[in-house]
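Engineer: Listed here are the chains, written in short residue letters.
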Amino acid sequence: MSGLKVPRDILAVVSNELGVFRRNRSAILISLIVIPFFFTVSLGAGQGSAATFQPTAALPIAFVDNDLSVASGRLYETLVRSEMFNRLIQGYREDNALAALGKGSIYAAVVIPKGFQDRLMHNQPGTIIVYVDDGAPGVGNAVLSAVNATVQTYNPSTEITTSAYVEVAGFSTIQVVLKGTRFSGFALGLTITMSLVIVFATFYEIAGGMSREREEGTYARLLVSPVSLGAIMIGKTLYDLGLNFVRVIVVLGLAIYVYGVRLNTDFVTLLAGAVLIALLTMGFGLLISSLGVGLRAVVIIEFFLILFLFAFSGFILDKELMKGIPQIIATYLPWSYGIEILKRTILSGTPLLSLTSQLQFVGFSIVLFYALSYIFLKLARERLLK
Amino acid sequence: MTKAFGHFTAVDSLNLSINPGELFGLVGPNGAGKTTVVRMLCTLLEPTRGTATIGGYDLKREAAEVRRRIGVVSDGVSLYKDLTIEENLKLLTTLYDLPSDVGKRRVSELLEMFNFREKSKRLVRQLSTGWTKKAMIIAALVHDPKILFLDEVTSGLDPQSAVALREFTRNLCNQGVTVIWTTHYMQEPELICDRVGIISEGELIQIGSPADLRRSVSEQAMIEADSPALDAITLEKIRNLNSVCKVTYDDPILRIACMREENEDIEEKVVNVLVSSGARIRAIGKKDPTLEDAFISLTGGEEEIDRFIEKGRQRT
Chain R
739 MSGLKVPRDI
749 LAVVSNELGV
759 FRRNRSAILI
769 SLIVIPFFFT
779 VSLGAGQGSA
789 ATFQPTAALP
799 IAFVDNDLSV
809 ASGRLYETLV
819 RSEMFNRLIQ
829 GYREDNALAA
839 LGKGSIYAAV
849 VIPKGFQDRL
859 MHNQPGTIIV
869 YVDDGAPGVG
879 NAVLSAVNAT
889 VQTYNPSTEI
899 TTSAYVEVAG
909 FSTIQVVLKG
919 TRFSGFALGL
929 TITMSLVIVF
939 ATFYEIAGGM
949 SREREEGTYA
959 RLLVSPVSLG
969 AIMIGKTLYD
979 LGLNFVRVIV
989 VLGLAIYVYG
999 VRLNTDFVTL
1009 LAGAVLIALL
1019 TMGFGLLISS
1029 LGVGLRAVVI
1039 IEFFLILFLF
1049 AFSGFILDKE
1059 LMKGIPQIIA
1069 TYLPWSYGIE
1079 ILKRTILSGT
1089 PLLSLTSQLQ
1099 FVGFSIVLFY
1109 ALSYIFLKLA
1119 RERLLK
Chain W
365 MTKAFGHFTA
375 VDSLNLSINP
385 GELFGLVGPN
395 GAGKTTVVRM
405 LCTLLEPTRG
415 TATIGGYDLK
425 REAAEVRRRI
435 GVVSDGVSLY
445 KDLTIEENLK
455 LLTTLYDLPS
465 DVGKRRVSEL
475 LEMFNFREKS
485 KRLVRQLSTG
495 WTKKAMIIAA
505 LVHDPKILFL
515 DEVTSGLDPQ
525 SAVALREFTR
535 NLCNQGVTVI
545 WTTHYMQEPE
555 LICDRVGIIS
565 EGELIQIGSP
575 ADLRRSVSEQ
585 AMIEADSPAL
595 DAITLEKIRN
605 LNSVCKVTYD
615 DPILRIACMR
625 EENEDIEEKV
635 VNVLVSSGAR
645 IRAIGKKDPT
655 LEDAFISLTG
665 GEEEIDRFIE
675 KGRQRT
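Which chain is which? The protein sequence lines are R and W, in order.
Per the numbering used here, the first sequence starts with residue 739, numbered consecutively.
Per the numbering used here, the second sequence starts with residue 365, numbered consecutively.
Keep in mind that the hints were calculated from the coordinates and are not lab data.
The structure displayed is predicted, hence computed values, not measured ones.
Check before you lean on any hint, since a few could be wrong.
Stretch-level coverage of chain W by chain R, calculated; a stretch enters the list once three of its residues show a Cβ under 8 Å from a Cβ in chain R [as the list claims (entries may be wrong)]:
| no. | segment |
| --- | --- |
| 1 | 386–400 |
| 2 | 405–413 |
| 3 | 430–436 |
| 4 | 457–466 |
Once the Cα atoms are required to be at most 20 Å apart in a straight line, the calculated EDC-like pairs of lysine to aspartate or glutamate come out as [said to hold, decoys possible]:
| no. | chain 1 | residue 1 | chain 2 | residue 2 |
| --- | --- | --- | --- | --- |
| 5 | W | Lys651 | W | Asp576 |
| 6 | R | Lys1116 | W | Asp614 |
| 7 | W | Lys445 | R | Glu954 |
| 8 | R | Lys1116 | W | Glu632 |
| 9 | W | Lys424 | W | Asp439 |
| 10 | W | Lys510 | W | Asp576 |
| 11 | R | Lys743 | W | Glu429 |
| 12 | W | Lys650 | W | Asp614 |
| 13 | R | Lys852 | R | Glu821 |
| 14 | R | Lys743 | W | Asp465 |
| 15 | W | Lys468 | W | Glu450 |
| 16 | R | Lys1116 | W | Asp595 |
| 17 | W | Lys510 | W | Asp522 |
| 18 | R | Lys743 | W | Glu426 |
| 19 | W | Lys424 | R | Glu815 |
| 20 | W | Lys633 | W | Asp595 |
The beta-carbon is built from N, C-alpha and C at its ideal position, and this holds for glycine as well.
Sequences and hints are given; from them, build the entire structure.
Structural biologist: Listed below in structure tokens is the structure:
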């Protein structure tokens, strides 16, 4: 037996999978175009999730929208969803808000000047002005940091310049400048989209593909040949990683060129994050297929998987904000760590290797899924026969 | 070997030895356990108890070596329908670790031999049942196996293709390939097999050459009549005649097995029963027992007629 048998087998499995794939036009269309487009476009307006509880949450703060644009509306939503501004009050005019400051009815006023959206759309810095009543100690700093954190979610390339507590009619002014870039509320939406696209397509490809092979008898063909189970698993994994590479490119292309997302990380880091989520899903998909489930069961399991990801992976609510059983599920759901890796790298430019605990959890889960799949596929050959 | 699925024993204590270059037929009714035997022998199923040695390698401990030496044609072992036959074969030459030039030569020879050259670029899903079957046989032969499993291989084939396949298989055996041929068509093993094993309800109940098996029922004589639309009462009357062992009826063919030494006037008695029942007799005569008769005799094929008679009783 040649020493290159295993690599040759792996390559043969990959090329075989690609051969079948390229003959299936609807699979190409759905897998590489429809799914990435559907999720990217439908989540294109995604704003992001909540942040941790902040002391500003209880402060009554006025939101004065002089622009009345989509961009200003999204900024309002971002502030509200952040849960750092639970008492954000609309309806003030700028002069009323300034008059109310210092009287205890409001502690700050966030003012969106006219032309805010236009400036962003034309690659010019958009500015929001935050007036703070610094009569109460610490309020200025708290509001500053809360606004800072929140607008990062809104647009990660924000610059905050403080007019250094210059007394303007008795209260401080913080000028928040959104750096000259096209408007995008999609920075966080990108992590959600990418994760969903990868999980949705990958799980079906692996688990559904195995189920189809079982039903058509081609898996039995592989089993009666001298190819090892490991080579089959690695071959299918590499094939699917290739497809995911294309999907990530499609999603990124849309995000960058259509929604104007600016990434705070490099492409390799982003790709590494995507690969981790894909491997997690593939391992889980193989594990499910080792149970010998049919195509219908695969679709049902996929539905629940996506539901779980939505509910417990920080898509809607950060897991730190969950309580009780949801928090326990979120803590042990490996995808939530994969998604956190994407968030941290894409949004705040955190170096991938510094996310040690997340990487460890995801890595351990991948190894566990693959090891269990290998054992079950080995033990349950007969379940995988037609 | 024994194979059980939960409480159901599909194959019970199978003990069998097949010689190199032999064409061995495994026959039995549907659900007898033939495919389970093949699946165990080609490493798809692990025996619950026992093991086998195939080509000198232990089925359980040296499964990879066994797989290198066997070829399988079975409904449950298919080709990729979205690939051409050539692409399927290329995949298999790689998986069987054939050097590139050897693989190409082998594929080319097989395509030529099976007259498949023109269709080699067609997708498997575009082939007819007969050509798909041929493609599966080529796929099973691509690595030049020493042992070939042909599981119900002629089902779905037209008569000409079935004849050609039987001839081809015989030639393979002449070249030293061992073939295990499973079928529920009794005529096939009679035509080509060196030895036949009869399996029923998971048990190997008889083994021998087709001639041996025919001889095993030689104490019986067979009467075959062409008599349409017989009713259950008539069949029961025939069954109750002295010296009648078994009666089977597949409208219009009535087959009666009776003891040879006692059957001098049995044909006349049968005619009397049929005439008195108002049945039409288009033909009647004695014939030598076939492998099918041996099979029916050994596997208790009377159950069908029992059911038919019972149904008749209920009606009357």
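Engineer: Each hint needs a verdict: does it hold in this structure or not?
Structural biologist: Going down the list of hints, with the structure as the test:
{"no.": "1", "hint": "386–400", "in the structure": "violated (count 0)"}
{"no.": "2", "hint": "405–413", "in the structure": "holds (count 5)"}
{"no.": "3", "hint": "430–436", "in the structure": "holds (count 4)"}
{"no.": "4", "hint": "457–466", "in the structure": "holds (count 4)"}
{"no.": "5", "hint": "Lys651/W <-> Asp576/W", "in the structure": "17 Å, holds"}
{"no.": "6", "hint": "Lys1116/R <-> Asp614/W", "in the structure": "46 Å, violated"}
{"no.": "7", "hint": "Lys445/W <-> Glu954/R", "in the structure": "9 Å, holds"}
{"no.": "8", "hint": "Lys1116/R <-> Glu632/W", "in the structure": "64 Å, violated"}
{"no.": "9", "hint": "Lys424/W <-> Asp439/W", "in the structure": "23 Å, violated"}
{"no.": "10", "hint": "Lys510/W <-> Asp576/W", "in the structure": "27 Å, violated"}
{"no.": "11", "hint": "Lys743/R <-> Glu429/W", "in the structure": "14 Å, holds"}
{"no.": "12", "hint": "Lys650/W <-> Asp614/W", "in the structure": "17 Å, holds"}
{"no.": "13", "hint": "Lys852/R <-> Glu821/R", "in the structure": "26 Å, violated"}
{"no.": "14", "hint": "Lys743/R <-> Asp465/W", "in the structure": "16 Å, holds"}
{"no.": "15", "hint": "Lys468/W <-> Glu450/W", "in the structure": "10 Å, holds"}
{"no.": "16", "hint": "Lys1116/R <-> Asp595/W", "in the structure": "55 Å, violated"}
{"no.": "17", "hint": "Lys510/W <-> Asp522/W", "in the structure": "27 Å, violated"}
{"no.": "18", "hint": "Lys743/R <-> Glu426/W", "in the structure": "17 Å, holds"}
{"no.": "19", "hint": "Lys424/W <-> Glu815/R", "in the structure": "64 Å, violated"}
{"no.": "20", "hint": "Lys633/W <-> Asp595/W", "in the structure": "17 Å, holds"}
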